[in-house]
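Asks: Chain residues, written in single-letter form:
There are 2 protein chains.
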Amino acid sequence: MFRPLQTLAGGLIAALAVTAAHAKPLSQEDLSVAEVLRDRALESSDAYSIVESLTVEVGPRPTGSEGDRRAVAWAQEKMKKLGFDRVYTEQIEVPRWNRGHAHARVVAPFPQPLVVSSLGFSVSTPEEGLTAEIVPFADVEELIEAPAEKVEGKIAFINKRMERTRTGEGYGPAVQGRSRGMRAAAGKKAAALMIRSVGTDSDRFAHTGMMRIKDVENPVPALALSAPDANLLEKMLERGKPVEVQLDVHNQQLEDGPSFNVIGEITGREKPEEALIIGAHLDSWDEGTGALDDGAGVGVVLETARMIAELPQRPRRTLRVVLFGAEEIGLVGAKQYVQAHRSELDNIVAVSESDFGADKVWRFDTRLPESKFDIADQMMQLLAPLGIERGNNETHGGPDGSVFVAQGVPAFGLYQDGTDYFDYHHTPNDTLDKVDPENLKQNVAAWVVMSFLTVEMEGDLGRVPTEH
Amino acid sequence: MFRPLQTLAGGLIAALAVTAAHAKPLSQEDLSVAEVLRDRALESSDAYSIVESLTVEVGPRPTGSEGDRRAVAWAQEKMKKLGFDRVYTEQIEVPRWNRGHAHARVVAPFPQPLVVSSLGFSVSTPEEGLTAEIVPFADVEELIEAPAEKVEGKIAFINKRMERTRTGEGYGPAVQGRSRGMRAAAGKKAAALMIRSVGTDSDRFAHTGMMRIKDVENPVPALALSAPDANLLEKMLERGKPVEVQLDVHNQQLEDGPSFNVIGEITGREKPEEALIIGAHLDSWDEGTGALDDGAGVGVVLETARMIAELPQRPRRTLRVVLFGAEEIGLVGAKQYVQAHRSELDNIVAVSESDFGADKVWRFDTRLPESKFDIADQMMQLLAPLGIERGNNETHGGPDGSVFVAQGVPAFGLYQDGTDYFDYHHTPNDTLDKVDPENLKQNVAAWVVMSFLTVEMEGDLGRVPTEH
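Residue numbers (the UniProt record's numbering), protein chains in the order written: chain R, 1 to 468; chain P, 1 to 468.
Looking at chain R on its own, in the form it has when it is part of the complex (with noise of 0.2 angstroms):
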């Protein structure tokens, strides 16, 4: 909960005039129209109709596929209601594949269904299906370092579970499994990688995500089980017998194809050529609607902008909102407007994206060169009042925010809780009922603070040694 706006108003004024003494980077001035625009999100901000008419009005938009170009037209239209002065889109060039079915089941000792979801551009098993013994494996680790012959023609299980925690820094060990299980498992001639399910949840669904695929020969059927199918199969296992599995999988791997990032600024009055780039990815996984992976993200940047575009004047330098493609499949989105944008990068004054589910923020996080702490440090007199802690200046700025920062982008990081995001991630359970309305204005607030100082403010961020 949020102190009362009255005692937040009392203790600012407090704050601002011992910042002004001190000639601080942030002029009163800003940070007085970020303290209006906060607390005016944290009253009336509306990023959640935003996501609800993404999941309702298009719905699931894997990367170049139907439901990602409809994602794209409606992100044209969405930013030219919104008030944006300029929308466009820059075509990428992404992988295509199309979920086909994937069914699984016990056939000895215990016959019963499981459930389970491919994971990206996991191949199909022959027509008529495979049937197969299966092998535990602790972690990739144990598969990596098992005797061929041990896999040999079975279904490798890898059986790691995840840590929950706020920051999700259980999913960095978890996902080993999911992206590098599959190589694993083909260069030991498996006939077939099922993984426990990267996620926190005890729901019978799997996660899907992405694979490395790049170069492995030979692949072969990549399968998410859900977590109480994966215990299900630990206490087959327990009982000492075989347990053999049958799989049926159907999936297409298309030829590569279009989609786009989508761009939509509030050009700068003084200096419009830099940009303060937010961003947010536009395609999902295929089984939710997306609602926390990234419709959240997409609504809390669009809203965010809309709120800065509604202010008497422009802001001094441009607010740039990307909404990415195909993050979900390795960031080819974020990737290609670097690699195109190259020759510009100095101007993109810092880059953040919202990535991260639909819980309240709870952490900013910088990458900054130190001279400029101090600006962090004015920001976060707007933003402690809305339960948010000073975090590290070691922020990435988010999945595709990331490939900016490796170029020396500067970067911010508005971190939302995180304790209940794996139980939805890549799940046909990534819906809208999962995202709190009052929790999105709480982001809102937060990001409208964070991004108006930074495309207002006079002095710029610098630029941040990369790590090589």
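The hints are simulated quantities; they were obtained by calculation from the structure and are not laboratory data. No residue lacks a Cβ here, since even glycine has one placed at the ideal position from N, Cα and C. Certain hints may be false.
[As the list claims (entries may be wrong)] Simulated restraints on C-beta separations:
| id | chain 1 | residue 1 | chain 2 | residue 2 | range |
| --- | --- | --- | --- | --- | --- |
| 1 | P | Thr167 | R | Pro437 | 25 to 35 angstroms |
| 2 | R | Ser202 | P | Arg164 | 15 to 25 angstroms |
| 3 | R | Ser202 | P | Glu127 | 43 to 53 angstroms |
[To be verified] If you want the footprint, here are the derived chain P segments under chain R, 3+ residues with CB under 8 angstroms:
| id | stretch |
| --- | --- |
| 4 | 50–61 |
| 5 | 112–119 |
| 6 | 199–212 |
| 7 | 230–239 |
| 8 | 336–350 |
Dock chain P against the given chain R, drawing on the hints supplied.
Replies: Quick look at chain P alone, frame taken from chain R:
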């Protein structure tokens, strides 16, 4: 949480002294044994292992299926292992139906897939599917009252929400659409029926369940939509354009076939012909593994019997565990049991079924003649410390139990907290992980008190006037 056992014991000794002074129907010796059984159940009962065994080694067991046959074999073997004196089956004749597939998608104005599940015994669509506009109704009554021309050729969509309650009393009003909707839709020549799932969750699972299909002429396909999908249709309808849905449903109507009630007895030492029936149902719906519905009940009553079988002597009268077949499709096993044993019903001292999930028991209802209320009061001395309140005298003894109650058989109802039960009921998500082993121990503790005292007491429970 329970009070420490030491405190309990102190309280009980005082309570038992009072009991003895008033010459209550249950002896202090019996109450003392029941107390020991209760406390042992809290420490060491293991109903969970039974639920695990059933869900892992058998899994889904819809009436008359291969899974049902394996469940019947499993149950007999388990009863023998647990030390029952007599284990037998009684064949019943059951309607049978095989779920095929059910695919639904909005084709206009906003194409996207929907998550649906056929209701039990739904017919199929034509091979090529069907496409029709949806017409929403607040509840089944509104559909029944609608003019036929509003419904003919359309997909009737009953969008009734279920209220979440501890007692499950929201189920009755909500289930009307499922029970009676298809008949109403068919009578008006609808193309199909879709209902918002009868459930309290907001997960993307449809809740299946039985319909009243008897004497419905020209039945139409009938589907449940997950709550998020019902919301989605609602939001689409709000946008004012006709919403067209394509359905592709295939199921198999089979000939009637055999199933079984599985019965195990701990034979009474003095009055073996008199029996308390404690029951659960062995069949489940096909999409989950039937952990909550009704694996938990099976675990609780089998473990209760096991504990009584372990006592140094057999109880005064028989404890009969009946695992009913075909509960889900209309209490078929219970009805045929009562039919087959009509002449012996006077020997059934009482009936009770555990079929409301796996949460803690919180209420003790009865159906006893008023002259026997002091027996329930004495039981309450041992139940109250488990956190159980005295309820009313109107229990039906559980779904299958109600068939006995209708014939005047007294009944007990040990009701679990049902707040979350309908989050999982009849979905693929009804899996073992939803069962808390500690809660099952509390269930067994309550059941063993009620069961032991009933089979051991000197007197009987009389008969209860039937409601007609």
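Asks: Take the stretch 230–239 of chain P, compare each residue's beta carbon with every beta carbon of chain R, and decide whether three or more fall closer than 8 angstroms.
Replies: holds (count 5)
Asks: Indicate whether the distance between the beta carbons of Thr167 of chain P and Pro437 of chain R respects the range 25 to 35 angstroms.
Replies: holds (31 angstroms)
Asks: Do three or more residues of the stretch 50–61 of chain P come closer than 8 angstroms to chain R, measuring C-beta to C-beta?
Replies: Since three or more residues must qualify, the claim that chain R covers the stretch 50–61 of chain P holds, with 7 doing so at under 8 angstroms.
Asks: The hint says 15 to 25 angstroms between Ser202 of chain R and Arg164 of chain P; measuring C-beta to C-beta, is that right?
Replies: holds (20 angstroms)
Asks: A range of 43 to 53 angstroms was offered for this pair. Does it hold for the Cβ distance of Ser202 of chain R and Glu127 of chain P?
Replies: violated (38 angstroms)
Asks: Three or more residues of the stretch 112–119 of chain P near chain R by CB distance under 8 angstroms?
Replies: holds (count 3)
Asks: For the stretch 199–212 of chain P, do at least 3 residues have a Cβ located nearer than 8 angstroms to some Cβ of chain R?
Replies: Contact hint for the stretch 199–212 of chain P vs chain R: holds, 4 residues under 8 angstroms.
Asks: Under 8 angstroms between beta-carbons, do enough residues of the stretch 336–350 of chain P, three at least, approach chain R for the coverage claim to hold?
Replies: violated (count 0)
Consistency with the previously given hints fails for numbers 3, 8, ordered from lowest to highest.
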